[in-house]
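Asks: These are the residues of each chain, in order.
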Amino acid sequence: MKAQIWFPVVGVTVGFSVVFFSKYTLSPTFAPYLSIAVLAALDAICGGIRAALEGKFTDGIFITGFIINTVLAALLAWIGDKIGVDIVLAAVVMLGGRIFLNLSLIRRLLLTKATS
Amino acid sequence: MEHARSWTIQITVLSALMGGLVALSLKTQDRILKDQLPDVRQGRLARAFVELREDATSLRRQVLDLQKRLREYQLQTGSDSEKSKLLAQDLMVANMLAGTVSVSGPGVAVTLRDSKLAEKKPEDISEADWRDLSEEYYIHDRDIRDVVNELRASGAEAISVNDQRVSGLTPIRCVGPVVMVNDVRTAGSPVIVRAIGDPDALLSGMMMTKGVLDAFRDVDPTMVSIDKVKAQTLPAYTGSTALRYAKVANDVKANEAQIKSENAEKLGDKAVQDPQSVNRDRGQK
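In order, the protein sequence lines correspond to chains A and B.
The numbering used here numbers the first residue of the first sequence as 1 and each following residue consecutively.
The numbering used here numbers the first residue of the second sequence as 1 and each following residue consecutively.
Rather than coming from a laboratory, the hints here were simulated on the basis of the structure.
Do not take every clue at face value.
Claimed, not checked - Part of the chain A face toward chain B, derived, beta carbon under 8 angstroms:
1) 18
2) 42
3) 44
4) 59
5) 61
As the list claims (entries may be wrong) - Not close to chain B: a few residues of chain A, all C-beta gaps over 12 angstroms, as computed:
6) 34
7) 63
8) 71
9) 90
10) 96
11) 98
12) 101
13) 103
14) 104
15) 105
16) 108
17) 109
18) 113
19) 114
To be verified - Within a straight-line C-alpha distance of at most 20 angstroms, the following computed PhoX-like cross-link-like pairs (lysine-lysine) qualify:
20) 27(B) x 23(A)
21) 68(B) x 23(A)
22) 56(A) x 113(A)
23) 68(B) x 85(B)
Even for Gly, the Cβ is constructed at its ideal location relative to N, Cα and C.
Build the full structure now, drawing on both the sequences and the hints.
Replies: Have a look at this one:
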């Protein structure tokens, strides 16, 4: 179990270096959507780890959660862009809050496991 | 155990995806910074900005091409007859005065640099005070304009700022860290002002006591350097030359305006030298 905790870290490092050292860049137009996607991915990962630690991990929920959150956040960003209101902030606040909540739960679970 | 492996794989794959997204995001931001796009959030504006800037560059190149072609035509018509030769010569002089042809000749190059003293803030000064104090360590648009003005006063026949020709229509102004000359963004430091004219006269104009560069000598002498140049080439003005409002005035009115300005000067002199004489004149009437 302990070794598995490092898998996401390795994943992030690999993914980061693969894209960073490739020549591929995105049009600046997509920059705001990209940051939203990063946030949604981070939220899904935190949620997934927490569920796994609690032993409640379900295959479908994890992947669909990530995809639908990303799509919804991008949609909000797009609509907000059209009507001139930063609705995307709702997604940012929501996802950000969830990330912190999940992180604190992961911390608690790991600590209680370590002590018991 | 099967179950445990499943979540590890999924989370790892998604982590890799996220890492990739973060890297992409970083690179995009980097590009935005490099392109000096106005604001990340205004995506559409940013794209329009890039497109317009590219358009402007290609159009400017087109202007240069067309100007070159025009000059060839003018030279060709000039070779036809004596009359048209004279006309073409006149036209060339007018072009040189207007700055629409590139010119070469001797002169000076004045280099203005932000002072190195501006980089390190003394610790016993607050941020706001330092902002005021360090103001004089930077080259401002007014300094460049002063130099251009002084060069003209010293008999410069053609001037360029950062390889942008200064024409009769050229604005010089600072926008953040860059200097806009002819609405082209150029380096804010060093700023190189080139002038064609008598090198000694231009140099002495620049070195004049109480002159435009005197202030820099007190602050930091390394901010300014002036070099005499035996031969240099200044580029042509590539901005718009279309006139929408100005028309050629008729001679009578132009003469009237000239006489008026001369009279105004006389009156001004009198007023300065002897304020009472003006009143006296009026009293006699």
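Asks: None of the hints should be skipped; say for each whether it holds.
Replies: Right, here's what the structure says about each hint:
no.: 1; hint: 18; result: holds, 6 angstroms
no.: 2; hint: 42; result: holds, 6 angstroms
no.: 3; hint: 44; result: holds, 6 angstroms
no.: 4; hint: 59; result: holds, 6 angstroms
no.: 5; hint: 61; result: violated, 11 angstroms
no.: 6; hint: 34; result: violated, 5 angstroms
no.: 7; hint: 63; result: violated, 7 angstroms
no.: 8; hint: 71; result: holds, 14 angstroms
no.: 9; hint: 90; result: holds, 16 angstroms
no.: 10; hint: 96; result: holds, 15 angstroms
no.: 11; hint: 98; result: holds, 15 angstroms
no.: 12; hint: 101; result: holds, 18 angstroms
no.: 13; hint: 103; result: holds, 14 angstroms
no.: 14; hint: 104; result: holds, 18 angstroms
no.: 15; hint: 105; result: holds, 15 angstroms
no.: 16; hint: 108; result: holds, 19 angstroms
no.: 17; hint: 109; result: holds, 14 angstroms
no.: 18; hint: 113; result: holds, 14 angstroms
no.: 19; hint: 114; result: holds, 18 angstroms
no.: 20; hint: 27(B) x 23(A); result: holds, 10 angstroms
no.: 21; hint: 68(B) x 23(A); result: violated, 39 angstroms
no.: 22; hint: 56(A) x 113(A); result: holds, 16 angstroms
no.: 23; hint: 68(B) x 85(B); result: holds, 18 angstroms
Hint compliance for this structure: hints 5, 6, 7, 21 are broken, all remaining hints hold.
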